[in-house]
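**Q** Sequence:
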Amino acid sequence: MRISIAVLEKIPKGKIPEKLADARYLFIVETEQNQVIHIEDGTQSSHPDVDFAKATLKWDCEAIICGAEIEREAFDILADAQVSRFDGFGFNASQVLKQLYLYQLPLIREYRGGTGCQGHQHPHHHEEEEE
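Counting from 1, position 97 in the sequence shown corresponds to residue 97 in the numbering used here; the numbering is continuous, with no gaps.
Keep in mind that the hints were calculated from the coordinates and are not lab data.
Misleading hints may appear alongside valid ones.
In silico lysine to aspartate or glutamate, EDC-like type, Cα no more than 20 Å apart, as pairs [claimed, not checked]: (1) Lys54 / Glu30; (2) Lys58 / Glu18; (3) Lys98 / Asp41; (4) Lys98 / Glu30; (5) Lys54 / Asp76; (6) Lys54 / Glu110; (7) Lys15 / Asp60.
Could you put the whole structure together from the sequences, leaning on the hints where they help?
**A** Take a look at the structure:
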């Protein structure tokens with residue numbers, strides 16, 4: 001299985017930022033060998049979150065580990081492809097795999113990473129609420 005991990009630094013102890021858009025690199029990891037097989041560089045991108053979402057699909061990853069705040073365009077790319085999204089904020093790339101295997105990482109269910117109305121995954125209409 002392959003997963004992607006969004007980090008700030010291109011090192012094994014690279015921290016996972018709170019926002020996917022703040023990540024600078026994306027590690028593609030082959031979990032069976034526990035080995036990074038590719039590193040995507042987002043430092044020159046104006047939309048690294050979208051580029052990282054597309055790279056996650058290109059490398060056929062089943063999951064991405066990033067911060068809980070994912071902008072809608074990147075979230076939709078991942079969700080439409082049924083890529084699992086896990087919140088690894090506060091960990092580094094080396095630590096986060098162990099947390100994933102222990103089922104300690106929360107699933108990111110909405111495009112802003114929060115709960116409630118932020119993800120617009122609900123049936124009511126906001127226009128009615130504003131009256």
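**Q** Does the alpha-carbon distance linking lysine 15 and aspartate 60 stay inside the 20 Å limit?
**A** violated, 23 Å
**Q** Decide if the proposed pair is consistent with the structure: lysine 54 and glutamate 30, CA atoms, cutoff 20 Å inclusive.
**A** holds, 17 Å
**Q** Check the hint pairing lysine 58 with glutamate 18 against an upper bound of 20 Å on the C-alpha distance.
**A** violated, 23 Å
**Q** Is the Cα-Cα distance between lysine 54 and aspartate 76 20 Å or less?
**A** With Cα atoms ~11 Å apart, lysine 54 and aspartate 76 stay inside 20 Å; holds.
**Q** Taken at face value, is the distance from the CA of glutamate 110 to the CA of lysine 54 at most 20 Å?
**A** holds, 18 Å
**Q** Could you grab the alpha-carbon distance between lysine 98 and glutamate 30 and see if it respects the 20 Å cut-off?
**A** holds, 14 Å
**Q** Are the Cα positions of lysine 98 and aspartate 41 separated by 20 Å at most?
**A** Roughly 24 Å between the alpha carbons, so the hint for lysine 98 and aspartate 41 is violated.
Hint compliance for this structure: hints 2, 3, 7 are not met, and every other hint is.
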